[in-house]
Amino acid sequence: MNLDDIKDILELVREHDLAEFEIERDGLKVRIRKAGAAYVAAPVPAGLAPMAAMAPVSAAPAGPAPQPVDQGVPLAVITAPIVGTLYLSAEPGSRPFAEVGTRVKKGQVLCIIEAMKLMNEIECECDGEIAAVYVDNGHPVQFGDRLFAVKVD
Amino acid sequence: MNLDDIKDILELVREHDLAEFEIERDGLKVRIRKAGAAYVAAPVPAGLAPMAAMAPVSAAPAGPAPQPVDQGVPLAVITAPIVGTLYLSAEPGSRPFAEVGTRVKKGQVLCIIEAMKLMNEIECECDGEIAAVYVDNGHPVQFGDRLFAVKVD
Amino acid sequence: MFKKILIANRGEIALRVICACREMGIKTVAVYSQADEHSLHVRFADEDVCIGPARSADSYLSVPAIISAAEITGADAIHPGYGFLSESAYLAEVCEACHIKFIGPSPNVIRLLGDKARARRAMKKAGVPILPGSDGPVRGEEDAIKIGKELGLPLIVKAVAGGGGRGMRIVRTQEELPKLVKAAMREAEAAFGLGDVYLERYVEAPRHIEIQILGDHHGNVVHLGERECSVQRRHQKLIEEAPSAVLTNKQRHKLGATVVEAARAVEYSNAGTFEFLLDGTGNFYFLEVNTRLQVEHPVTEFVTGLDIVKEQIRVAAGERLSVRQSDIEIRGHAMECRVNAEDPVVFTPSPGLITAYSVPGGPGVRIDSFVHSDCTVSPYYDSLIAKVITYGRDRNEAIARMKRTLEMTVIEGIKTSIPLHLRILDDPDFLAARINTSFMERFMPDKHAGKNKLAESA
Amino acid sequence: MFKKILIANRGEIALRVICACREMGIKTVAVYSQADEHSLHVRFADEDVCIGPARSADSYLSVPAIISAAEITGADAIHPGYGFLSESAYLAEVCEACHIKFIGPSPNVIRLLGDKARARRAMKKAGVPILPGSDGPVRGEEDAIKIGKELGLPLIVKAVAGGGGRGMRIVRTQEELPKLVKAAMREAEAAFGLGDVYLERYVEAPRHIEIQILGDHHGNVVHLGERECSVQRRHQKLIEEAPSAVLTNKQRHKLGATVVEAARAVEYSNAGTFEFLLDGTGNFYFLEVNTRLQVEHPVTEFVTGLDIVKEQIRVAAGERLSVRQSDIEIRGHAMECRVNAEDPVVFTPSPGLITAYSVPGGPGVRIDSFVHSDCTVSPYYDSLIAKVITYGRDRNEAIARMKRTLEMTVIEGIKTSIPLHLRILDDPDFLAARINTSFMERFMPDKHAGKNKLAESA
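Protein chains in written order, with the working numbering: chain C, 1 to 153; chain L, 1 to 153; chain G, 1 to 458; chain V, 1 to 458.
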């Protein structure tokens with residue numbers, strides 16, 4: 001399931017005038033609910049921006065809650081591919097690779113995760129603009145932890 | 001399950017004018033809800049005959065199923081108040097206290113249950129006619145077992 | 001050997017007996033009240049009989065219902081478990097009359113030992129140390145002073161009709177004796193309409209020590225060492241262990257031998273427990289005999305490797321005990337926590353639906369329980385839902401295992417006594433085995449807990 | 001002593017190690033893959049780290065992920081459990097480099113004993129009985145005939161690159177040897193692209209016997225007696241027991257002493273298991289050493305009263321073993337059934353949601369498991385869901401308890417191997433302890449089971 005799949009699903013949701021759509025497979029769960037859809041059965045989860053549902057939901061322990069983002073803009077969340085210690089800049093004291101508002105390209109280094117004394121560069125998966133930084137410099141991250149949100153171009 | 005499968009499902013949802021559709025199989029779960037669909041909390045239990053509720057429901061292991069009886073006639077079920085061996089007549093070979101069709105009065109002896117060598121007379125709880133005999137002569141009965149059904153006058 | 005045993009009980013002990021029967025190849029009959037229709041003991045018995053409604057008096061306490069159930073299923077023996085009819089001489093007698101074996105002592109022995117005064121005399125005669133006392137009500141002030149001098153101090157004045165601490169006085173000097181006897185008489189008269197009181201030596205902060213015995217019909221009696229059950233609340237044991245941390249081997253053998261002699265003297269057969277108070281200077285005082293299996297028998301099974309329920313069944317069937325005294329060796333240390341469905345602070349019962357239930361395994365853990373996920377704890381019966389028993393090479397290991405087992409136990413939907421047990425397991429006095437029957441007072445919610453000091457353990 | 005141990009494993013063994021750590025007052029770190037987020041080992045560890053996706057290679061088998069998890073949590077030791085990285089000399093080396101204690105033997109010992117040829121030579125030198133063999137590939141027909149004469153009959157021809165029975169031939173007469181060697185070579189060449197074969201003495205219907213040892217860093221090595229694991233299917237053990245019904249005390253002491261000597265010779269520390277084949281005439285042949293905790297360690301814990309995992313932790317922290325050889329006493333009999341989430345007839349895996357789970361207690365029952373009601377058995381990992389271990393005064397009692405425990409176990413929602421275990425427990429040969437590594441063939445669905453006769457146990 002990638003961004004294109006999600007776009008296709010959203011097309012279908014619009015076309016068929018669905019109120020809700022949910023799919024769950026192999027540990028991945030996507031749930032879409034259109035703005036304005038009445039929901040009777042269960043309490044409405046608070047603070048869930050409609051578009052947030054588009055982000056691949058990580059099964060890892062939740063990191064910081066996603067910050068509110070512009071409605072209607074696709075959002076990609078970059079998660080930690082390995083466990084280790086996270087560094088936001090190349091060297092202590094130097095400028096961070098990326099901050100909120102930084103324009104990023106696919107393949108651009110966003111941060112470094114140190115595992116077994118090896119520095120692993122974590123690259124951006126798409127072109128866009130950093131919408132959120134979920135992690136602090138020098139802190140440990142687990143596999144699947146949210147690192148960055150990127151407003152996709 | 002791929003996008004085409006989802007499209008097919010959505011077609012079916014439209015065609016059949018469904019409010020909701022949900023499927024779950026082998027770790028895959030899909031749920032669809034149409035905009036404007038009302039949500040009904042629980043299915044209404046069907047087929048509960050009004051008269052059946054009149055019979056004291058035994059929590060003991062079910063005896064023979066109650067035979068069909070005339071609709072609209074109150075039916076009382078006499079259950080075993082003690083555990084023991086049941087006798088349908090006062091002595092071996094003599095006439096049974098009650099058979100199907102026997103007219104009975106409240107307080108009339110219907111059978112005997114032997115417990116600890118004591119013969120306990122089991123009395124009818126109402127006036128009416130024996131509609132069913134659920135037990136065999138000389139057989140053990142447990143507390144709560146159905147003994148007779150009586151069509152109440 | 002028996003072909004089919006009816007178990008006149010419910011809950012974990014019914015399952016415990018079913019386990020023993022299955023291991024011995026004996027068929028089982030479960031009896032149940034309407035409230036227990038979906039219980040595991042019904043599921044795992046070979047046959048089952050509904051014997052009455054939820055109320056115990058009409059089901060588990062009904063001798064006719066139980067005998068009838070045995071007769072219609074053709075059971076050749078009845079195991080009464082503990083509680084309910086387990087110490088009913090009447091049930092044992094009816095069984096005899098119906099040619100059904102009662103798995104327990106003879107009716108005569110049950111009757112003798114169930115009568116406190118007769119039991120006391122029998123034990124005294126057999127050389128068992130008993131609590132010095134007035135052997136009946138005192139006849140007035142002068143009589144009380146005379147008896148008080150004979151007995152020595154401290155003393156306790158108790159109402160013959162008493163209960164709940166009323167009509168009780170502790171006497172610490174001979175001078176205050178007449179005054180306190182009179183006060184107790186007045187209080188007893190007011191409370192029970194009967195002013196009779198008796199005197200007994202008062203044991204300060206005693207330990208509760210009990211000896212497990214087994215006897216067969218061939219004159220063999222063995223003891224399986226002691227259990228210490230000093231952690232109790234209103235005479236309800238909460239934590240039991242074996243062996244006691246304070247008994248020397250010499251004391252153990254001496255008390256064990258005394259009990260075995262006394263059991264022989266009354267021709268005791270089957271399992272039984274002789275309960276004692278132990279005072280601070282190493283003296284034992286006989287309390288009573290429980291003529292049945294005890295809730296806490298698993299701690300003895302853990303340290304001896306024996307199966308007490310199987311031995312009960314064997315000797316009831318006329319076989320000899322499978323062990324001699326010299327075969328019995330106490331190895332390691334075992335502890336039992338009784339997990340009750342109750343509020344761990346105010347002790348109110350907490351029946352209801354258990355939505356999640358999971359207990360860890362690992363070495364040295366035994367769980368005797370009848371509950372499971374999606375099971376309802378009935379409000380009709382006692383609140384015991386699980387016995388968690390742990391074993392260790394020594395007391396510290398048994399405690400460490402108990403702690404981690406209770407910490408890793410998940411019971412959701414109802415309240416349980418586990419948080420209370422965990423507080424006890426962290427108590428420095430408990431860890432140092434400085435316990436007595438007043439120990440639990442520090443965990444009681446009411447500030448009038450001091451009243452319990454008056455009551456000795458039963 | 002360690003302050004915090006990271007457990008590089010999942011499932012029941014992760015919980016088992018957590019239990020030991022809690023009893024010792026050591027903090028724990030659980031690592032888990034995304035598939036195990038809701039597992040009990042995550043719930044009951046003091047800290048937890050997600051180390052990767054469901055695929056083992058990217059999570060539980062990832063040395064960088066595990067070392068990183070230890071570093072970010074400040075763990076000072078890693079317990080590898082069994083399976084996964086438990087016999088990884090590389091992980092042990094990286095631990096050394098990172099100043100994290102690996103709870104297991106030194107990397108050198110793991111490497112030495114992990115190499116079949118080197119291990120064989122080391123054992124031979126230390127006086128351990130080994131299976132006579134060609135000590136490398138045969139160089140042709142004449143060489144084969146010469147070696148065959150030296151080794152004696154029956155022989156087995158095995159492909160060096162072999163596996164799954166291909167390139168294997170059993171030789172029962174010297175005449176057929178050249179023909180069968182050539183056939184095996186052709187088959188090996190076709191199957192593996194390498195025609196090299198070697199010869200080994202063939203043991204008919206052997207028993208699988210293994211000796212548990214423990215060693216510390218002060219030169220102390222003890223053995224805890226043997227386990228018999230002859231009931232296996234395709235080298236997967238299904239039922240293990242201790243002691244073996246066929247070993248005499250003399251054999252036990254002799255083999256134990258030999259193994260202890262060999263372990264001392266290679267400076268073995270921590271827990272280990274020396275596996276042997278036992279032929280029909282009482283000869284033992286060394287198979288291999290497992291340089292880790294075994295799945296079946298609980299049967300040894302039951303009969304010795306020791307906690308093997310705690311000993312592992314103690315000796316890894318530099319402490320001495322808590323027991324000497326003379327302290328170790330085998331009491332009673334223990335048996336383990338591995339309950340797998342699989343079809344009991346055709347052995348296909350059966351992962352999925354467990355809707356109901358309940359296991360009985362009672363004396364002599366230990367359950368090591370990580371499942372519970374409403375828990376999902378993941379398809380990503382091995383199918384072991386519970387180890388049911390029973391103890392009895394003798395083998396018959398252990399078997400009777402195993403039977404009633406499995407009969408009274410409720411697992412709904414998935415299929416389990418329990419029906420298969422119950423069939424085995426009713427088998428007259430099993431009851432008479434007439435078992436060997438071919439025993440399970442009678443329970444196999446495929447009629448070509450004979451092929452398995454070729455493969456000795458590993």
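If you are wondering where the hints come from, they were derived from the structure by calculation, not from laboratory data. Bear in mind that the values here come from a model prediction, so they are computed numbers and not experimental data. Any given hint could turn out to be false.
[What the hints assert, rightly or not] Output of the computed footprint for chain V on chain G, the stretches with three or more beta carbons under 8 Å from beta carbons of chain V:
(1) 65 to 75
(2) 298 to 311
(3) 353 to 367
For every residue, glycine included, the Cβ atom is placed at its ideal position computed from N, Cα and C.
Verification of the hints:
1. Given as covered by chain V, the segment 65 to 75 of chain G fails the check, having 0 residues with a CB less than 8 Å from a CB of that chain where 3 are the minimum.
2. Only residues whose beta carbon comes within less than 8 Å of a beta carbon in chain V count, and the segment 298 to 311 of chain G has 6; three or more means the coverage holds.
3. Given a C-beta distance limit of less than 8 Å, the hint that chain V covers the segment 353 to 367 of chain G holds, as 11 residues qualify and 3 suffice.
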